[in-house]
Amino acid sequence: MKKVIIIGYGPAGITAAIYLKRSGVDPLVIGKDYGALEGYKDLIENYYGFAEPIEGKQLIKNGIEQAKKLGIEVITESVISIDSIEGGFTVTTSKKHTYESKAVLLSTGKTRQTLSIPGFVKYRGKGISMCATCDGYFYRKKKLAIIGCGPYMLHELEYLNRISTDVTIFTHGFEFGTEVNNSVIYDKITSFVGEEKITHIVTENGKYPIDGVFVALGTPSSVDFASKLGVVVEKNNLIVDENYQTNVEGLFAAGDIIGGKLQISKAVYDGMMVADSIIKYVK
Amino acid sequence: MVIQLTTENFEKEVLNSELPVLVDFWATWCSPCQRVAPILEALSKEVIGLAKIAKLDVDEQYELADQFGIMSIPTLVVFKGGKVHQSTIGVQSKETLKKLLGI
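Taken in order, these protein sequences are the chains called A and B. Just so we're aligned: 66 in the working numbering is position 66 of the first sequence, and the numbers increase by one with no gaps anywhere. Just add 1000 to wherever you are in the second sequence, counting from 1, and you've got the working numbering.
FYI, nobody ran anything at the bench for these hints, they're computed from the structure. These numbers come from a predicted model, not from an experiment. Worth double-checking, as some hints may not be accurate.
[Unchecked claim] Some but not every residue of chain A turned toward chain B, in silico, with C-beta under 7 Å:
# : residue
1 : G125
2 : D135
3 : S227
4 : V232
[Said to hold, decoys possible] Capping the alpha-carbon separation at 20 Å, the derived lysine to aspartate or glutamate pairs in EDC-like fashion look like this:
#  : chain 1 : residue 1 : chain 2 : residue 2
5  : B       : K1094     : A       : D241
6  : A       : K32       : A       : E73
7  : A       : K2        : A       : D83
8  : B       : K1099     : A       : E234
9  : A       : K197      : B       : D1066
10 : A       : K142      : B       : E1063
11 : A       : K235      : B       : E1095
12 : B       : K1098     : A       : D241
13 : A       : K122      : A       : E234
14 : A       : K142      : B       : D1066
15 : A       : K197      : A       : D166
16 : A       : K141      : A       : D166
17 : A       : K283      : A       : D26
18 : A       : K141      : B       : D1066
19 : A       : K197      : B       : E1063
20 : A       : K126      : B       : E1063
21 : A       : K142      : B       : D1059
22 : B       : K1098     : B       : D1066
23 : A       : K141      : B       : D1059
24 : A       : K110      : A       : E100
25 : A       : K61       : A       : D42
26 : B       : K1083     : A       : E196
Glycine residues also receive a C-beta, built at the ideal position from the N, C-alpha and C atoms.
Take the sequences, apply the hints, and build the full model.
Structural data, given as structure tokens:
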């Protein structure tokens, strides 16, 4: 078991990794993309030490390079689940690799995929669920739908297939190459309809009766991980204490996902501070 | 103290309560639900005389869970005057729960 796994290799995650490494704690850093700075069009002109403005993406790349040069293990994989285990956490990636650690730092930034389909908000908790393992119980042997097309969806599907023999995959217009025994609908979803509870999914070409809908689009966000682990989330921010620890022991968070200024300087500060707390926690 | 609700005491403790009641719909196998318990323990000590804090196991008391249309847990429901006043899904902070209770 590792001492700490850092999820996200932006300014908060990499700074934490550097401070940890220099204090003798070897972290594993798992990242998947350059987050908010990936598509950031303007150059960064307000970050200390760069006489010439720098591209956001380049700054992140430099950070990762800096960490690697210090001997920090940095891997590019997409995390699809984090589970609590005795004395720590298991982190599973889309390549089906699993890693265990005593502490986890969430520093994934804030990009979040939401479904802006009519009826989504109305039926959330009334037939639409974001967590198969939390809510599956209410839908045993029912007619179910799962929305998604990647490894995250397949991970949730595995669970749903155990509780119902009638689970349809809705890719919502995306390609889907994996062979499964479930039926697959490729249409774009246009609305969710029902009365008190959801009753149908409406697509471009049809209307499908359904008892429950599980959403597993793209890759899970920090808020998805946090909700499944029982972290207090308010206004889309993970709530942490003065030590950057969430209400789940050993689960820390830093950077954009805890709110405050969405600035590199603030993320770097968070990274340094959370490293202190993690060092105390794992030693 | 957090009250354990059953079909036997639900009417007395919740519907006929003069104080607002926060009911946590939960289950033993639901991992985020386990994180609600310590928050409710702490909250129950702070709201003595102002509100009641209770929990209801959706496995054991499925009739009640059904009656209130619970399809996602943890769901936290505030009852006032025997009626559902507000409800929320997911783990909430003590401060948010106090606001829900109007305290």
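For this session: List in ascending order the numbers of the hints, as given earlier, that are violated by the structure.
Result: When the structure is compared with the hints, numbers 22, 24 turn out to be violated.
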